[in-house]
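My request is simple: use the sequences and hints to build the entire structure.
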Amino acid sequence: MLNTIMVIIGKVFALAIFAPLVSGIIRKTKNTIRMRNGPSVLQPYYNVRKLFLKDEVISKNASWIFYAAPVIVFAGSICALALVLMARPGHLVSNSAAILIAAFFVLSLGRFFMALAGLDAGSSFGGMGSSREVFISSFAEPAAFVAVFVFCMGGGDSFRVSGVLAGFALFMVVIAETSRIPVDNQETHLELTMVHEAMVLEYSGRSLALIELASHIKQMVFFIMLSWCLFPAAGTAPWGWAVFSAEIGVIGIAMAFIEISVAKMRLFRTVDFLSFSFFIALAASIASSLGL
Amino acid sequence: MITFLPKEFFLFDSLTIFFFAVIGLICIPSAIFSIGYLREEALKKKLISWVLLAAFILSMCFVIISGNLFSFLIFWELMSLTSYFLVVLDYKHEKSIRAGTIYLVMTHIGTACLMAAFFILYNYAGSFDYSAVKEAAFALPPSIRNIIFLLLFIGFATKAGVVPMHIWLPYAHPQAPSYVSSIMSGVMIKIAVYGMIRFFVMLLLPAPAWWGAVILVFGIISCLVGVIYALMDHDLKKLLAYHSVENIGIILLGVGAAIFFAARGVIPVAALAMCAALYHLVNHALFKGLLFLCSGSVYKATGLRDIEKMGGLIKTMPATALFFLIGAMGISALPPLNGFVSEWLTFQAFFSGAVESQGAVRIFMIVSAAALALTGGLAAACFVKAFGITFLALPRSARAREAKETGFMMKTGMALLAVPVVIFGVGAGFIAPVILRVSRAVLGVQNAEVSLYLASVLPVLIAVVVLGTALAVFLWFRFCLRTGQVRYNTWDCGYYALDSRTEYTATAFSKPFRIAFSFFLLPYHKSEKIRDSFYHVSKFMYETHTTLVFRKFFYEPLVRFVYSFAWKVRKLQPGSIHLYILYIFITLAGLIALAAIF
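Going down the list, the sequences are from chains A and B.
Here numbering that gives the first Met the number 0 is used: the first residue of the first sequence is 0, the next is one more, and so on.
Here numbering that gives the first Met the number 0 is used: the first residue of the second sequence is 0, the next is one more, and so on.
These are calculated hints, taken from the structure and not from any lab test.
We treat Cβ as the ideally placed atom computed from N, Cα and C, and that holds for glycine.
Sample of chain B residues lacking proximity to chain A, with all beta carbon distances greater than 12 Å (derived): (1) 73; (2) 142; (3) 148; (4) 150; (5) 524; (6) 525; (7) 537; (8) 569; (9) 573.
The calculated EDC-like cross-link candidates involving lysine to aspartate or glutamate, where the alpha carbons are at most 20 Å apart (straight line), are: (10) 314(B) to 401(B); (11) 510(B) to 190(A); (12) 299(B) to 404(B); (13) 59(A) to 401(B); (14) 94(B) to 234(B); (15) 510(B) to 307(B); (16) 510(B) to 271(A); (17) 94(B) to 555(B); (18) 59(A) to 498(B); (19) 49(A) to 196(A); (20) 133(B) to 7(B); (21) 263(A) to 196(A); (22) 403(B) to 307(B); (23) 53(A) to 211(A); (24) 59(A) to 491(B).
This is the structure we're talking about:
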């Protein structure tokens, strides 16, 4: 028991430390495809370090919510990571689904406080970002839950049609949840298009560093779930951690390809995007009830 | 000797005791809150309020412990009437009278259905006692059973505020004083759920699976419609009332699933679903009671209910803000608070239901879970709006700027509800097994294997990990990473004149949702330009509204029809005594003819 706990704590630390690297790889891949040089894959680490050492500017209108939100969102993403690691499917089916869903709930705890903090400073940008963020995430949730249900019902240890469909649906959810093109764009600060960036616009210094770290870790959480859906049998292979890193890398590179090959959607089109993802998840559930 | 009088007056079983606990948990803090709330009123009004409140609470208790249909109906009616008087307590307002009338009409439609069902039952059982009814229920012909089910369902659903019978709720609950709304929303509508559980799960046995499916479908409709309307409404109390519609929907998801799986013989899933439903029932009572009390505190301090005019209250009313935040986190199902545990148990019930079944049933369960997921997301969005616009940023009106924190009694009332919201979340390990025992007793299955291990461990685990990490970060910031902080104006793009008018509003916040659900909300705009001259517009008005579909396309035509029908019936009564004598004669002749035939 104690042993398992220590292993999970160790894994959480390791994955949290490597989480910014995944973002760095995605960014580097995008730049390479665009024939640009781009910053090194370690740039996210440099950013976080720089932010931790800088002074902070805090709005005069802000309340304690503004201070608490970055800490809560960071703690929430760490907790979600720990939960996902506990829920390795293939052992206890209904338990792993329950734990994965709890991980989604914990992530929504962080999002709730971030959205409040967006409203706290009294700027229109923050309010706009909060409104859009909760809008997108509330439509992403049904698809994500159904996908996780279906995937866990399949047992998660062998290759199934339903698992792949669920993985596809989850992939679309991950695009929305990690603020990537075509739903959102991490690289923009144009008021018409930004979602997540608008919500955190008032933040600077160490608070912003925490928020950025939290987004990297949240991305890691989703990529882990995706890797289970898309590469079900790989977890038991020898050299497990190497296989796992390769999976995360493949998913990251696929994400980079998608980001450079499509244009960003209008905000209200994301409903269609996420409904499509929901219907794919539903198709996965039909496949699973047919025994596929 | 009067023979129809029942022999069993009172009934005490686990379900009764459970509901007693719920009544006590909500009513005591609300009553304490009312002391502070009514402090400045005249003695006469105070007395009337408290007598009515006591009668209201007692009648609810008596509905619960009634052991027969007869006294159930009497106390049910008493409960409706006392709550009607509490709604119209503020009788000088046109709005209160109107809200009270809608409530009175709707609740009596419900009571009429209940009465019809009870008389049919009496006809077959020969007695009003629950035990006789239970015995007779086995022998009822299926068609009669189904008619009874539908009548009872309409009756209870009207009281519970299930869509489409919900229209009284967003009028009546906001109009009552806050401590009454907290009891009405927290407890009274749950009494209807008690009725459903008592009759569909415990008395009218065996319930067919489609009853459960019907309840489940109405639960889905209620939770989605309730939360969408709540997102659109910017009146703090009306918004909370719509959330009651939503949460009743979530409770019915559990009840429906329990009946459905009990009928199909999958007992562990049924027990889990019933446990989730009862857990959510007490949770909703707690956080909705708390939120209504907070809204009352805000109303006392500002005189406002429209959140567009509020803002910045977290600085002037820190305690109320904290309590509202706890309630909002509970209702948004954020871990480790109580709403999370019950919604999560509901998900688990759906999931294990899906695992245990095949084909269409599996997909039905998954779709129900998806509806619950969408509801959860939208509810969180709605409470970001409600808390953010009410308490954060800058005050949007003079009244909000001058708000003062409320008094000790009101704070105590709120605190007494806020603490259980936390305890019922983190302490799920102690509470869930008790509720599971109630749900086993309700379903009459003592040996159903349900594992609550995860539900007891995970909330504590989440609390420990989140708080531990947060504490570590806090200590690191405090003692190791001593970077500076500057307080400065909000980034204003070089405009240098940000004030409360440039803030984001609730209407703007909910705009994406209004567009996404426009097929249901049917939004429309009104704009008006007042011009000094052709070139200069001195005033520009722009309003956006949504259409209340159920009201516009169902209730308004119905009311019109009733009026026109009454107008036609009126011709039968022209006021001539000769004609009336003719009516009497015809009736008499008809009766004699009938008697001769049979």
